[in-house]
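Please build the complex by placing chain B with the ligands on the supplied structure of chain A, with the hints as guidance.
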Amino acid sequence: MVHDTTRDTAHDPATETAPDTARDTGRAPARLDRELAGLDALELGGAGRPRRLAIRLWSALWPMAAAVGIALLAWQAVVWSGWKDPWVLPGPADTLPVFWDQIRTGRFWDAIALTMWRAVVGFAVAVAIGLAVGALVSRFRVLRRAFGSLITGLQTMPSIAWFPLAILLFQLSESAILFVVVLGAAPSVANGLIAGVDYTPPILLRAGKVMGLRGVLLYRHLIMPASLPSCVAGLKQGWAFAWRSLMAGELLVIIGDTTSLGVLLAQARELNNTADMISYMIVILVIGIVIDQLFGAADGALRRRWGVDQD
Amino acid sequence: MTAVATDTRVRLTGVSKAFGSGASSLLALDRVSLDVAPGEFVCLLGASGCGKSTLLNLVADLDRPSAGTIDTGGARVALMFQEPALFPWLTVTGNLELALKMRGVPRRDRRARAAGLLDSVRLGGFAKKRPHQLSGGMRQRVALARALALTEDDTGSGQDTVLLMDEPFGALDAMTRDLLHDEIERIWRTRGLTVLFVTHNVREAVRLGDRVVLLSSRPGRVVEEFPVPMERPRRIDSAEVAALAATITDRLREEVSRHGA
Ligand SMILES: Nc1ncnc2c1ncn2[C@@H]1O[C@H](COP(=O)(O)OP(=O)(O)O)[C@@H](O)[C@H]1O
Ligand SMILES: [Mg+2]
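Heads up: the sequence lines are chains A and B, in that order. Just so you know, my numbering puts 299 at position 299 of the first sequence, and the rest follows in order with no gaps. Just so you know, my numbering puts 186 at position 186 of the second sequence, and the rest follows in order with no gaps.
Please note: incorrect hints may appear among the correct ones.
The calculated lysine to any residue pairs, modelled on SDA-like cross-linking and capped at a C-alpha distance of 20 Å, are [as the list claims (entries may be wrong)]:
{"hint": "1", "chain 1": "A", "residue 1": "209", "chain 2": "B", "residue 2": "61"}
{"hint": "2", "chain 1": "B", "residue 1": "129", "chain 2": "B", "residue 2": "153"}
{"hint": "3", "chain 1": "B", "residue 1": "128", "chain 2": "A", "residue 2": "41"}
{"hint": "4", "chain 1": "B", "residue 1": "129", "chain 2": "A", "residue 2": "43"}
Since the hints were derived computationally from the structure, they do not count as laboratory data.
The following block holds chain A by itself, in its conformation from the complex (with noise of 0.2 Å):
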């Protein structure tokens, strides 16, 4: 046999006596770990220092401001070239003042805050039905290929075609606007779902089988983690669908005297006030944007635990 020829020359562990020793490798010890720190040393190279707050607070702001200084003077701009008479389109000067009454009323604050918990209700059931829906679907191949294309098609029809059904089973009820957000938001969760699950690394999937991860545990420790991002981006777009559902809910299925931003946004057209309007457009805009910058940043702080994508 060819290994017996080789069995001197092999190395016996049972007679090795001090086992670090300089014979061992083709360096001295003491000299290979010098090597090898020295290279990880270089390889590491230096690590930029971080920025102070205030400067990196001030660089993310500067363009923002920016941006709704030029939108502001687009506005001015419109205005001033007497498109439309001041009472039907007032400009920035007339509506700021406006804007600064209103959010001093508490009519304002409990508009924001009915609409804000049905949207959070909304986008609660939408995210815990996406997460059923999307662990069953990847976890069944029967069932992504019966669904997975539907949930797709969803994804993409506009929510306020289903209005018309939704007010038909709920008549005008909290029930119809929830229904109508729920179906909205739900299809991105569960596609940011299944998509992190089909997308994990396939030489992760192999290192977790050496290790024996298989079952729940291989959920647990390693395609629940691993799908995570692709799970936030779901979120984050679901949680789009999610407020613009809801809008188009509050300004079709008024109920009773409720008073919601879109019960606000109505009476304003009906008034012809578009000061309060646009006043309440800007709420509208500032609290998506809020929240979806919330799901960007814990979508980059994820990104750079990680390391996905270095700079």
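Chain B with the ligands alone, transformed into the frame defined by chain A:
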């Protein structure tokens, strides 16, 4: 499973592996027989696509052979790839602790065991880093530590351990690779591991192996085995290593050229 003779850690007997079925099936391995002694360092050499990875997957029990038997006599087997394949959401120590958890090491012992493993690949100061913060060579050392975590017994010995390495240094630069040759040799010796090391780099095979096993391509068969008589430590740029590597390269070229005709 029959007991393996004491001088054999891994025994492959007539192992064949076909992918697919019917007319389109591909015979990746054809009646490969190979014995690896405990504590031996065997290098598997072959052109790419000759079935080296397939063979390691079979030994690691990630796949079943179409014919033949593989006997590891209950040894613990770990497989390392060309990519480190560390989990990016875990720290370096987290990656090792997960491997230890899967080995059944109780939670309270894992942190210390992981630290010991990191020390043994000389990355003691990097436990809290994330994989992406390390260089390619360092990541591969963490992957090595993880493989050791999966196989070492509670005394830190690797006597019942088979370490399978699938072109582990293929993606590294020459300087780093040289250092890691010394490093893997040291760890192999101190722990008494049995190593099956796959490469398509002939000099690397001669630098590291007690024996170099040459595989043919399509189907993969054992063509020839070359014992490596040189004393350790060896240098990859030494004349003896170069001479044997040249002999093996000629044989490999001959084998490869059969496919061009
Ligand atoms: N899962 C698979 N299905 C079908 N063919 C495969 C599969 N895995 C490997 N092969 C084929 O088997 C042969 C050997 O592959 P592999 O073991 O990866 O070669 P090596 O590692 O030596 O480069 C190749 O021709 C490859 O295409
Ligand atoms: Mg391969």
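What hints, given by number in increasing order, does this structure fail? 2
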